[in-house]
Amino acid sequence: MKQTLRSLADKLGCRLIGSGSIKVTAVSSLQSANKESLVFVEDEQHLDTALHSAAAAIIAGEFATPDSASSVAAKPLLISPQPRLAFARAERLLGSAENHRVVHPSAIVAASAKVGKKVAIGAGAIIGERARIGDETTIGSGCVIGDNTGTAAGGGVVIGSHCSIDAHVTIYPGTILGNRVVVQAGAVLGSAGFGYVKDWETGRYERSPQIGHLVIEDDVEIGANSTIDRGALDETRIRRGAKIDNLVHIGHNVQIGENVVIAAQTGLSGSVIIEDNVIMGGQVGIGDHARVEAGAMLGGQCGILPKKVLRGKGVVFWGTPARPVKEYLKELAFVSRSAKKQR
Amino acid sequence: MKQTLRSLADKLGCRLIGSGSIKVTAVSSLQSANKESLVFVEDEQHLDTALHSAAAAIIAGEFATPDSASSVAAKPLLISPQPRLAFARAERLLGSAENHRVVHPSAIVAASAKVGKKVAIGAGAIIGERARIGDETTIGSGCVIGDNTGTAAGGGVVIGSHCSIDAHVTIYPGTILGNRVVVQAGAVLGSAGFGYVKDWETGRYERSPQIGHLVIEDDVEIGANSTIDRGALDETRIRRGAKIDNLVHIGHNVQIGENVVIAAQTGLSGSVIIEDNVIMGGQVGIGDHARVEAGAMLGGQCGILPKKVLRGKGVVFWGTPARPVKEYLKELAFVSRSAKKQR
Amino acid sequence: MKQTLRSLADKLGCRLIGSGSIKVTAVSSLQSANKESLVFVEDEQHLDTALHSAAAAIIAGEFATPDSASSVAAKPLLISPQPRLAFARAERLLGSAENHRVVHPSAIVAASAKVGKKVAIGAGAIIGERARIGDETTIGSGCVIGDNTGTAAGGGVVIGSHCSIDAHVTIYPGTILGNRVVVQAGAVLGSAGFGYVKDWETGRYERSPQIGHLVIEDDVEIGANSTIDRGALDETRIRRGAKIDNLVHIGHNVQIGENVVIAAQTGLSGSVIIEDNVIMGGQVGIGDHARVEAGAMLGGQCGILPKKVLRGKGVVFWGTPARPVKEYLKELAFVSRSAKKQR
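Protein chains in written order, with this note's numbering: chain A, 1 to 343; chain B, 1 to 343; chain C, 1 to 343.
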């Protein structure tokens, strides 16, 4: 959707330097920019490259204002205190072409399902009994939403408005999603947790009840092929704004706080609690019933033992078992030094 | 399915204390109990909470019998030597409402497939040539069972009776499942193993034959989005009662023993042997041709080198390379102490 | 497809010792061989077992020629400098029965899609707008190729010739695959990368533009349920001949070189560069913007920090942070020894 720089600057809250009548059609990298592209730079270092790129205009920080002589006239500038954020928002403003807002004739929507306005449902998608889908949500091709063929806990799936559920997503019955939730292809929401009881007489395992449900709040995003189990008896809950990467595993009864970030292939065992604003690297493993308190940061591949409580807003933890990174780096240095001496 | 406490106590082999005519409809946690709920407690510590909960009745151990004065009259009790197990079984007794036992008209069942009695097949599921599906098995919506479009080893898929195959499961041709097998959404059974031969003249890799098959015995349960490769020339086999969590990878030719438990995101390379009753934490990694002998326990994230043999029934191993946990903890303590001294 | 040993020897470039008129129908392991099987041995040690197996003929190295007395007459031999490679190729020669080369009537192919000759498309597969599928490619049942329901970057998917795309694969719009690419069930190609910008005023995250695409070159193979993100602004690229196992995660903007091998559950963060001929074990984790130079080998579970550059053709790295394995083993030995002394 072609827009003038003036219009974009207004919507983004940017200060415009240069001609507002120039039109751009898309954001782009510096390398692949063309004469209708909008690019961005976050530091003075890359400003020159941007000015010499093919781009039509540049989003930049205050550093790029006329004071910095070289930028005076070369290209129009949109000055923002948070240029990367303005760039992200510009993409959405430029990209929001109207999608197909239709239910594909091959989709199978149960008679008891309630589908909102301007909902798109892809080819072959299956919407189960009593599902409720909010306005302007898209359900990708081949999704299975609330399949009641199996023995999963009943209850229609609820999906809010403006959600984007990509192809091949499975959502078990009883799962509840808020608004603007994004789920990428192949993710599984609301599967049965991994809970078994051993019969001491036979030595065999029997499944514990997995009859709770899964609640995903507004603005949560979930990566491709990730799996999130429903609660055993009560609920698993992912709070507002949490962002979860690909191939992440979240066990039953887990509670994830607001704005938590979880990188790819991390796994959370049952009943783990992650408080608000925690940031987790990839391949982190957390044992059951552990708690990570608000604002902690976990380095990639670190491991946290069952029932452990990790404290420390702004502290980075690393290693298995996870300890403050400074401590861990000292240990690594000690071992490296000592082993070398012994040669 | 509403049942009297008397009837439940009989079926569960519990001793009933209190009125047998009271009816319950579901199991529940202490927090979410209502007046038709059955709850359980495993230790004296939580008995009081249970007695003061809204629940109709409590499954408990011997500790809760009238000797313990407070419990005399408050609520009916079902006394079991294994209260958690009785609770798990109670859920199945209460929950076993008749499922939809129909083949959805949109399912595509090959003419040569044989489907048993009371089988449910979900919308859009695809059942390939010569598949055999046992009585009272459910196949979820969107499953692909024995797709012969590709180049996978031929042979119809065999699925036993009382299995539960959830939505979006893929089962490659030639795979054989026993009875009461549970497979959660998105799992892939019988994919080609990761075996290549390098052509030394060109430096390129070519795929080794992956023409074996996968056998999954009775009572095995497999988590969401897990992947299990078929044998290269012979078979991959998962023995009776093994329980496998989400996002687990099992390579070609692997042999998994009875009642083995494997937590999420663990990965087993080709030709690994896991003997009976081994318990593995999450994110464990095992190199090809390694063997873990019966009854060993592997802590989360530990790693076992190719061809290694791990011995020790009841021994817990941890770290990479995995060693007895006591040894590993001493090493961690030594490093931590020594590094601190050097500050 | 039954073939004479003479014909096979010619096609494989093997020297035939013994009767060329004998026919074989399949390759097999020594254990499961029957009288129409072709087996192989790589070393003298297993030759005797092969000669006493039920197999019709044996592929072997020079070590098996008549000089080695026992082999003279027992069975026909196909002598190759690379017996394992010859065996792999024999399987393809014997196995290449004509597949079903049809488009299943339940597949949904967009009117604007271009489908080549002898293409197979499985039941319920969905081929989106402007997709192009090359000759003799197979698309498994339930695949979703180029679903434009969601908000993914537009552009038809391009798939080359002789590709094998198994069941339930999702390929996002704009993804480009070369020839002879193999993708196993449940893999997701071209999903949105994990890139967010924090709004410092609200503390909330917003998605960065993920509008690039994914290019997969000739002869790449990708395992079940693996996920590969498209570029953020430009491209993610997997170069010719790379082999990727199950449940692998590859982030946005990653560049993977020719003939790279990546074992199961390994994860590569955004903008990682893996140069040609690198070999990576399972569960390896690599931080964003790291680079692994040509010919390095990474042991299972090792971890590489963001922005790190790993040099060393033929060097094996292990541990987290990854270091040359010799160094790491010395460290492990030092710690083990020292901890024991302190008892």
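None of these hints come from the bench; they were simulated from the model. Fair warning: this is a prediction, and the values are worked out from it, not measured in the lab. Be a bit skeptical, because a hint or two may be false.
Any copy, or any two copies together, can satisfy a pair, since identical chains are not distinguished.
Unchecked claim - Restricting the straight-line Cα-Cα distance to at most 30 Å, the calculated cross-link-like pairs of lysine-lysine (DSSO-like) are:
(1) K23 to K75
(2) K118 to K341
(3) K118 to K35
(4) K75 to K114
(5) K2 to K23
(6) K11 to K340
(7) K11 to K341
Hint-by-hint comparison with the structure:
1. Taking the closest pair of Cα atoms, K23 and K75 come within 30 Å of each other only inside a single copy of the chain (13 Å); across copies the shortest separation is 74 Å, beyond that limit.
2. Taking the shortest alpha-carbon separations for K118 and K341, neither the intra-copy value of 70 Å nor the inter-copy value of 66 Å comes in at or below 30 Å.
3. Taking identical chains as interchangeable, the C-alpha atoms of K118 and K35 are never at most 30 Å apart, the minima being 34 Å within one chain and 42 Å between chains.
4. In this assembly of identical chains, the alpha carbons of K75 and K114 never lie at most 30 Å apart, being 50 Å within a copy and 42 Å across copies at closest.
5. For the identical chains of this complex, K2 and K23 are intra-copy neighbours only, at 6 Å inside a copy versus 66 Å across copies, given an alpha-carbon limit of 30 Å.
6. In this assembly of identical chains, K11 and K340 lie within 30 Å of each other by CA distance neither inside one copy nor across copies; the values are 60 Å within and 54 Å between.
7. With identical chains, the CA atoms of K11 and K341 are never at most 30 Å apart, being 62 Å at best within one copy and 58 Å at best between copies.
Hint check: violations occur at hints 2, 3, 4, 6 and 7; the rest are consistent with the structure.
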